[in-house]
Amino acid sequence: MKKKTQLRRRICFLHLLLVLAILLNMGTAGADGSPDGVATVDPVGQPENFSAVLYDNTNGLPTSEANAIVQTSEGFIWIGSYGGLIRYDGNTFVRMDSTSGITSIKCLFVDNRDRLWIGTNDNGVAVMERGELRKWGKLDGMKSAHTRAITGDQNGTVYVATTCGIVTIDPEGNLRMMEEEAIAEANMRDLRMGSDGIIYGVTNFGDLMKIRDGKLISFLRADESPVQGVATMLPDPTKPGSLWFEGGDFGFYHASYGETLTDLEKIDIQPLSSVQQMEYIDGKVWICSSNGIGVLGEDGLHVLEGLPMNNSIGHVMRDYLGNLWFTSTRQGVMKVVPNPFSDLFERYGLQKRVVNSTCMCEGKLFVATDNGLIVIGENGPVSSLPLTKAVTNTGEDAEADDLIALLDGCRIRSVIRDSRDRLWISTWRKFGLLRYEKGELTVIPQGDGPLANSLRAVSERRDGTILVALTGGVNVIDGDRIIASYGEADGIVNTESLTVEEGTNGDIVLGSNGGGIYIINETGVRNINVEDGLPSDIVMRLKRDPKRDLIWIVTSNAIAYMTPDYQVTTVQKFPYSNNFDLFENSKGDMWVLSSNGIYVTPAEELIANGEINPVYYSIANGLPCITTANSYSDLTPDGDLYIAGTTGICKVNIEQPFENVDELKATVPFVEVDGRMLYPNADGAFVIPSDTQKLTVYSYVFNYSLSDPQVSFRLDGFERSGTTVNRSDMVPVGYTNLRGGTYHYTMQLKDSLGRGDREVSVLIIKEKAFYEQVWFYILAGLAAAVLIALLVRLYVRRKMSALEAKHREEARRERIENELQLATNIQASMLPHTFPAFPGRGEFDIYASMKPAKEVGGDFYDFFLIDDDHLGLVMADVSGKGVPAALFMMVSRALIRAHLQNGESPAKALENANEQLCESNEAELFVTVWAAVLEISTGKGVAANAGHEHPALRRADGAYELQVYRHSPAVATMGGMRFREHSFELNPGDSLFVYTDGVAEATSAQNELFGSERMIDALNVNPGAEPEEVLSNVMHGIDAFVADAEQFDDITMLCLKYNGPADRKA
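Positions 1 to 1066 (our numbering) are the ones given, in order, by the sequence shown.
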C-alpha cells in the first residue's frame, strides 16, 4: 500500500460565485486551524477559481466508495469505507490492516482527546490511540454490532448510535447501554452534539430526541411531529436549541426544539433531494444530498455545479488548511482546493478554441483567435466594440463601425499594447496592421509597403517607432507610415520572420523561422546562426531584458541569451526543450511557458548556466491549458499573466506566492524501532531502548493543496548535513548505529522555489547502555587505576629481570648478526663481483649486482665462459630465508654451473640439477632459475626458464620490453621434471636484462609494489646506456619508490650488452 500515489486528477473549475466566495472568505484560523482566505479579483470582476480533485480506485484511493471522513490533530485524514480504514497524508493512501476486525466502516469520530473512534457495520465500535486499538462488541454488552453514528460530550463520554439502541463509553472505557424505554432498542440513524452541550439524535423512523449527561431528556415520536418525523438534522450552533433538518414529508426546515418542534421555517432546497448530512462551516450550512451539494446562506441556497462528484454525497469536512472534502458512497472522495490558475473560458462559458494572443488594455482583455477577436469586459465577454472612427493610414474611410464585427472570421496573430496604451493588431493576410486607440481605428493595409503581407507581431522601440515582423522581413512604422523595410534585397536570406526586438544600441534584432537571427543597422545586415553559437536557427521569441542588458532567446530546442556585443550563450541544463515564451516577476523568477506546462526558476540560475531545478506546473497542478506555440501572452503591471492557450486562456498572478509553508503541519507522529511502532511520550519525545539496532523516522508534512514544497531533514547529533526533497518524495528515513544520547530530528520547510524558513524539531532520546553510563566510566576508571598500579609493580619487577636478560640477548644477537653477516659476505663472495669481468672480450659487456635484504636470502647470479665461444648466464632465487636458503643457494649454483660447463644445454643442466637437489631436499626448498647459453660469435642463444621472472630485451636503438613466454616449474619441486627451452638471438647493440622478484616486488610504505611497468620505465630512462648504468637507473627508481620502507627481499639484477663479433681486446 505504501507506494507513492500517482494521481490522475480530474480537474474541474467551480465557477459559481457563492462557492468561491465561501472558500475565499474563510475567517482567521480557529481551533480547527483553517487559514484566512485571500480574495483576488481579476479585471473582469470575478473571483479566482478553485480545483476539485476526485479520488477513486483509479488514482490512489483503494476503493471507489467512502462512508465517512475526519481529520486528527497531527494532520492525517481518515476515510471510512466498506473496504476498511484508509489513512491519507496528502501524498499516499494507506489502507490499514483489516485483520484486527476493523472492516466495513460506517462512521468515524475524533473525540476531545484526539482519539479516532471507528464505527463498523458488523463488528461494533473501536477506538485507535497511539496506534493501538480497543474494541467493543456484542460480547462486551452491545445489543447490536451495527453502528450508525458516534459523537461525544464535554465530559469525554462517547455516544454510539446502533441499530438497537445507544451505547455510552466513559473515559475509562466502561460501556453502558442507555435503557430508557423510548430508545432502549431504537434503530438509530444519527447523533449530533449541539453548541448547548446537548446531544441530538434521530432514529431511522424519524423520532427526534435530546440527551444530556447520558440521560434522555426529550423524545419526540415521528407520528407526533408536525412534519411527520425527522430524517436528517444538524444543530444550529448560532441558535442553541434550534435545528436544520429534513422532515419526513421531504421538506427542509429550520425550527426550535423543546418538547416539540416550533418556529418552523420551511426552506426550498430544490433541486436537492434526500439529504444525507449537513455541516456548519464559516456561517453557512453545507448540505450533502443524494444528487448534489448545496450551500445555504443568508442569500438563500446555491447548488454547486460542474463538480466531478454529484451522486450519493454523504459527508463534508474542512481540513486544517481550509480545503473542503466530500465523500460519496459511489464515487469516492473529492477535495476542493484553491487553484492559482484560472480558466477564463470556463468561467465565462466560452467555447474552447486556440488562442493566439492576449492583451489587457483599459480594463478589457483582448483575445486573438484564428477566427476573430474576443473582448472580455468587467461583466464578461462583450458582443460588440463600437468604433467612433475608422480610417486607413492615408485618411480614407475604412468603412467599419465595430471592431469585433470587423475582425469576425479573421485570423489574428497578435494583439500588443504599446507604451501609449494603443493596441496593435496583426492580422494574417487580410487587413494588415490595425491600430486601436480609445474607439478609433487606423488601418495600415497589406499593400502599403513592399513587405506588408502576413503579419506576426510588433515591438515598440524606445523612440516610439514600431517594428513589424512579417513574412518578407521587417517594417518600421513611425506614426501611420512605413518609413523603412528590410527584406531579401537587404541581406535577409530567410524572410519568414517570427519575432522582433530592439537591441541595446538601437539595432533591429529579427528572429526567423530557420535562418537564425538578423542584426539590422545602418551598416547593413548581420546574420547569427548555429555556427555562431545559436542552439537552433528557428527563433521563436526574442525578449529584451533592460535590467541585465540582455536579449533572451527562445529557439525551437533551447533557451539562450545574447549580450550587447551579440555573443550567444545557450542555457545548457534547462530540463525541457520545447519552450515558447518567458516572463520575469519582480522577485527575479523566470516563468517559462512550454508545450507541457510552465517552469519557474530564478533568472540568475539561467544566466549562471549550472544546475537548474525549476518548479514545474502541469495539468496535475491545476493548469487548465497549455500555451499555444508562437503565441503572445500578456503580463500586467500587477503580475497577472494571461496565457494564450491551446483551449482558452489561463490566468495566473506570478507575483503572489503560491504557497505559505508557515501554515503547514509538519510532525513525526511515530517512529519504528526494530520493526515495532513507537509513539511519543507525554512530553512529545521519543524514548527508544538502548539495544535498538535500527530507528526509522516517519516524518510528514501535511499538505492537501496543489503545491509541492521543499522539505529538508536531518538528525542533529548524528548527521552533519541534511537531505532536501519535495514533499511528494518524502519517505521514511532509517538510522543505524546510534549511540545512547539525545538527538533532534529537524525538518525545515521552504516553498517550491526554496523560500521560507519554517523549522520543526522532534526530540529523540536513546537510552544509554550500561557501558555508556557515567557510573560505568567511573568504575572502569577505578578498575583501570588498580590495574595500572599492579602492572607498574609487575613492570618494575620484570624490568629489572629484563635488563639482565637484555644484556644477555644483546650479546647473543650480536653474535648471530656477526655470523649472518659473515654468511652474507661468504655468499656474496661466491658470486662474480669483479668488473669488467672479461677485460679481453669486446664482443659483450656484462654487469651484475645484488642488494641483499637484512636477512640472509637465496638470490644468486652467475656468468662464466663455458668455452671460448660460449657464455653461460644464470639468475636464480631460492625460496625461503636464512641459513638453509643460503646453503641451498650455494649447492644449486654449484650444480647448475657444473652441468653447464660440462657442455649440457640449459634444459638438460636444470633437469640434472633438479634430480640431484630432490634427492636430499628435507627442507622442501626450491629455486626459480633462468639459465642461458650464448654463442658469442653469432649472438644466438638458448634459455630455459624454471618458474623465474621474464627477462627484458632491448633491440639496438629501441626500448626495453619484457619477453613473455611459457616457462617450466621451479627446480627441486619434484623429481622427473623436464624443462622447456627457448631460443633467442642478440644482434649487435642489443641488451638483455634479467632479475629476481625482489625488483618487481619492492614495496613502498603504502604497501604498493614497484611492479614490472615501473621497472621497464626505469630501464628506459636511458636504454642505450652501458650495463652498469642500466642497473643503476633501475636501482634509483626502486629507491625513489620505496623511500624509507624496509627491504624484505634481495634485489638481484644482471645486464648483458652484445656488441657483436669483434677482435678480442688486448
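Be careful, since some hints might not be right.
Claimed, not checked - Quick list of the computed label-pair ranges, beta carbon to beta carbon:
(1) 112 with 785: 26 to 34 Å
(2) 271 with 712: 47 to 55 Å
(3) 698 with 263: 46 to 54 Å
(4) 271 with 514: 39 to 47 Å
(5) 170 with 737: 22 to 30 Å
(6) 572 with 684: 45 to 53 Å
The hints are simulated quantities; they were obtained by calculation from the structure and are not laboratory data. Ideal Cβ positions, reconstructed from N, Cα and C, are used throughout, including at glycine.
Now for the hints, and whether the structure bears them out:
Evaluation of the 26 to 34 Å hint for residue 112 and residue 785 yields a failure: the beta carbon distance comes to about 59 Å. Between residue 271 and residue 712 the C-beta distance comes to about 50 Å, which sits within the given range of 47 to 55 Å. The given range of 46 to 54 Å is respected by residue 698 and residue 263, whose C-beta atoms sit roughly 52 Å from each other. Taking 39 to 47 Å as the suggested C-beta distance range, the pair residue 271 and residue 514 does not conform, at roughly 58 Å.
The supplied range of 22 to 30 Å is broken by residue 170 and residue 737, whose beta-carbon atoms lie about 46 Å from each other. At roughly 47 Å, the beta-carbon separation of residue 572 and residue 684 lies within the given 45 to 53 Å, and the hint holds.
In summary, the numbered hints that this structure violates are 1, 4 and 5.
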